[in-house]
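Peer 1: Line by line, the protein sequences are chains A and B. The first sequence: position 384 = 384 (this note's numbering), numbered continuously. Take the position in the second sequence, starting the count at 1, then add 1000; the result is the number in this note's numbering.
Hint data in this document are derived by calculation from the structure and do not stem from the laboratory. One should not assume that every hint holds.
In silico lysine to aspartate or glutamate, DMTMM-like type, Cα no more than 25 Å apart, as pairs [claimed, not checked]:
(1) B:Lys1429 <-> A:Glu106
(2) B:Lys1104 <-> B:Asp1156
(3) B:Lys1369 <-> A:Glu29
(4) A:Lys163 <-> B:Asp1437
(5) B:Lys1104 <-> B:Asp1354
(6) B:Lys1358 <-> B:Asp1234
(7) A:Lys367 <-> A:Asp436
(8) A:Lys163 <-> B:Asp1438
(9) A:Lys367 <-> A:Glu354
(10) B:Lys1165 <-> B:Glu1265
(11) B:Lys1351 <-> B:Glu1140
(12) B:Lys1358 <-> B:Glu1140
(13) B:Lys1165 <-> B:Glu1203
(14) B:Lys1429 <-> B:Glu1446
(15) B:Lys1369 <-> A:Glu106
A few chain A residues that don't get close to chain B, going by computed Cβ distances all over 10 Å [as the list claims (entries may be wrong)]:
(16) Thr51
(17) Glu64
(18) Leu142
(19) Gly150
(20) Tyr162
(21) Leu170
(22) Asn364
(23) Thr411
(24) Asp431
(25) Pro465
Backbone N, C-alpha and C define an ideal beta-carbon position, used for all residues, glycine too.
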Amino acid sequence: MNAAEIPILSIMLAVPLVGALLCLFARAEIARVIALVATLFDLLLGIWLWTSYDPSGAQWQFVEIAQLFGPIGWKLGVDGISVMLIMLSVFLMPICIGASWRTITERVGLYMAAFLLMETLMIGVFAAQDLLLFYIMFEAGLIPMYLIIGIWGGANRIYASYKFFLYTLLGSVFMLLAMLWMIQQAGTADIPTLLNHDFPKEAQTILWLAFFASFAVKMPMWPVHTWLPDAHVQAPTAGSVILAGVLLKMGGYGFLRFSLPMFPEASAQFIWLIFGLSMVAVVYTSLVALVQNDMKKLIAYSSVAHMAIVTVGLFTFNQQGIEGSIIVMLSHGLVSGALFLCVGVIYDRLHTREISRYGGLSINMPKYALLFMLFTMASVGLPGTSGFVGEFLSLAGAYKVSTWATLIATTGIILGAGYMLYLYRRIAFGDQVNADAAAMPDLESRELWLLAPIAAAVLWMGIYPESFLAPIRRDVATIVHRVERAAPAGDTALKEHDKTTAKYRVKAQHGGHEEKPAEGAQH
Amino acid sequence: MSMNHDLALIAPELTLSFASLALLLLAAWRSDWGRLISLLAVGVLVIAGWSAADLWIAAGDGDSALTVAFGGLLTADGFAQFAKLLVYFAAAISLLIAPTFLEKAGAMRAEYPVLVLLAAVGMGIMVSATDLLTLYVGLELNSLAAYVLASFARTDGRSAEAGLKYFVLGALASGILLYGMSLIYGFTGSTDFHAIGNAMSGEIGIGLLLGLIFVLSGLAFKISAAPFHMWTPDVYEGAPTPVTAFFASAPKVAATALLIRITIEAFGNQIAAWQQIIIVVSLMSIIIGAVGAIGQQNLKRLLAYSSINNVGFMLIGLATGTEQGIAGMLVYLAIYVLMTLGGFICLMQLKGSDGTMKENMSDIAGLSKTRPALAAAFAVFMFSLAGIPPLFGFWGKLVVFNAAVAAGLFPLAVIGIAASVIGAFYYLKVVKTMYFDDGDDDMIVEADDKALGWIGGALALAVSPLGYLSIPFLSAVTLQAARSLF
């Protein structure tokens, strides 16, 4: 049976929402079960959605339209990019619930309700086909996340929750004004229609900046990233997982869905800004990560660095770069989520995030050390893991546009290897200096069940990325085609009569022009 | 037009006036029947609302000859009826929530519902006035009732102080308003809105401009817009909470509607003259309302600043001077009434374990553990007032900003929306105190009046995302109401 026969997206939105309402009134034990069942059921629906999605079918599939709210259209629909991000959300969600199974003991019903509400809103963001609906879903996520950080967070949780809320709100309100203007100018809030609407060039600049304000904060890009380390460090483990795993991807998704195809000229005009900020971010946040003593903070800063590679890849205007950044987003969603879980595992045992309080864990926690090693390598971008595929593709795409930006962005991989391996060495290797850390038991089966699926997905994406590239290829090509007219020339094109390269040149080919890669040829 | 026609057009006011006189007589004999008289008054408001709705349907899409009463002193157009319905709704809720609270404060007397009804008559006249004189009569009828209501808990020093402050400052504002009116009358030769509107076309002199400024200042006082907002926190804090809920909703609707009508109908030809005033007042209200609330420890004062802040957002709609902007304002007003009544109803349920009513920020620490439903409802109202989607307050903000963008008022929209983030800070603070902080477990006990819980819950549902279902209806009626002004 094909999922298109039923309103599957609405059902996927409704399942966690109903679960959330039930959790509010349920006892702790029952709330946990409700949340797990709801998220697992949504995962099954998500798998069904993925398998029913036809990569060669219509661009927008599973479309649902209802006029319930006047000007706010209840329009849902997905393309390949949305399907992959929805998959990421529904995949991480049961893991988050599992990660909170034991650690959350206070106000469990409210906690589970907040997470389930979060799931509804995340799916809603990726499936919304109406600008206002998108905005509502995008912003509404602030409320449950504010509660998650503020109620169940660490010592400095209140500051972090305020900062998270107000920072992202300030970024987004300008986007709302821009959306209102766009709706009036184009006469519709329908995203697929707006994707092919040509806004005047002068207006594009302002609109692009308004959207940039929102997505750059969400992404987060340097220098508006400062909310992220605070929020990550203070949030409970599952909160960090969902924040790093999915919420940050909303920024990238926004650039991809709105900024690029709706304002191609302005995007081209601001490449320098994106590349500049990304280059700073890669180097700066990597160096900052290198000196952290707090595990969560280190991973938070590494997220900023990875997201900078995403932004570089997105604004390359070519197939490889954009495909690569989507894979980086998916991969980072899995890997950073897994790393936060790994931190959570040892935090639950020792209740400190201080790196120096651990050491030599590979002796007493071999299973843990093995999985942690895998995710460390995936974060570094070792071939065979998901991290490599995405980073390679996006940097290869970036090379066609700017050699310098690529050069500097690539240092992120080297620095990434630096801080991640350093972290791993301090935690898993070396002497067992702390007796209490040395006495910690290895992974229990619950924790193994949380980490193993992510490990499998990371390897799958690293070894056979085609499964993840196939659904997005056509949609990326659509975006590339749309922005082609504004694509930057690139600085790696060969000169017509360059003597040093003449001898390598194939005779029949007209050199000097960057060859548009045939679809899928690079894989 | 015949007298009968004129009287038919003011049926809601007639109903309310006669009923309030009858109830006053009843109150004179049976001063301990406050609760019954309150319920009767609610019934009267329902009947008046019914006849207002009836008139609205009869008025249809605005054949002005049918809606003008008493030779142009009053009108019964769609705009007036919409405002009246909102006012009656707010007044009815204020009556329903009051008795138990006032009884506990030792201030429940049968005059309370009568005064609310009389204020409602005044507000009905305010929103339908098309002449400076009827405007003033309505305004004063409402204000006099309001002064008494503010000091209704007469044994309470704060309440008496609030009434006195309100009276002195209100009288000052009325004086300013009257002075402006006299200037306008002097320079245009008429008190009729349409005649003033015609006389004000083209270039206007400094005298007329001063008149316009004075009138706007006086009305800005009545809607508690900055920089004429100083009385609001004091009066809101001192007055008994049900009365504060009433002040924050019904008179605000009426005064805002009055402001809309006078600016559009009488000063409509001089948009350039008042637009900049409204823009400045709007931005000042938003910013002062937001910044002033940050340091507040008393929740009633905080909600007072919140109402100043919200008036600022509403005025964005007026600043556009377009039909869309006015319709947006009306949507905002309707949602605002729900949110602000809900906020005050939550406050009224903060009964301490020692039996006294609590109204400080520190009293609600940890409320989400002891009274989860109350805390959730309060949080819903706070997020909604802050305009965070998916709550219904977001829609109100969206429509006024949409109108501002459509009218090309970009600086106003950008500054206003950025300042809304400052406002979000103190709403978040309330949620933070309830959800993140720890408090005494038995600080707040179950309120005496179960009706509060039901009404508050219903209002919370209305501003929850379920409210979005009413958007098609709300858009249609507000647009129709706004159209009758143009």
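Peer 1: All the hints need checking, so say for each whether the structure fits it.
Peer 2: Here is how each hint holds up against the structure:
no. : hint                    : result
1   : B:Lys1429 <-> A:Glu106  : 21 Å, holds
2   : B:Lys1104 <-> B:Asp1156 : 12 Å, holds
3   : B:Lys1369 <-> A:Glu29   : 18 Å, holds
4   : A:Lys163 <-> B:Asp1437  : 17 Å, holds
5   : B:Lys1104 <-> B:Asp1354 : 13 Å, holds
6   : B:Lys1358 <-> B:Asp1234 : 17 Å, holds
7   : A:Lys367 <-> A:Asp436   : 18 Å, holds
8   : A:Lys163 <-> B:Asp1438  : 21 Å, holds
9   : A:Lys367 <-> A:Glu354   : 21 Å, holds
10  : B:Lys1165 <-> B:Glu1265 : 32 Å, violated
11  : B:Lys1351 <-> B:Glu1140 : 35 Å, violated
12  : B:Lys1358 <-> B:Glu1140 : 33 Å, violated
13  : B:Lys1165 <-> B:Glu1203 : 39 Å, violated
14  : B:Lys1429 <-> B:Glu1446 : 23 Å, holds
15  : B:Lys1369 <-> A:Glu106  : 10 Å, holds
16  : Thr51                   : 31 Å, holds
17  : Glu64                   : 17 Å, holds
18  : Leu142                  : 7 Å, violated
19  : Gly150                  : 4 Å, violated
20  : Tyr162                  : 6 Å, violated
21  : Leu170                  : 5 Å, violated
22  : Asn364                  : 36 Å, holds
23  : Thr411                  : 36 Å, holds
24  : Asp431                  : 40 Å, holds
25  : Pro465                  : 36 Å, holds
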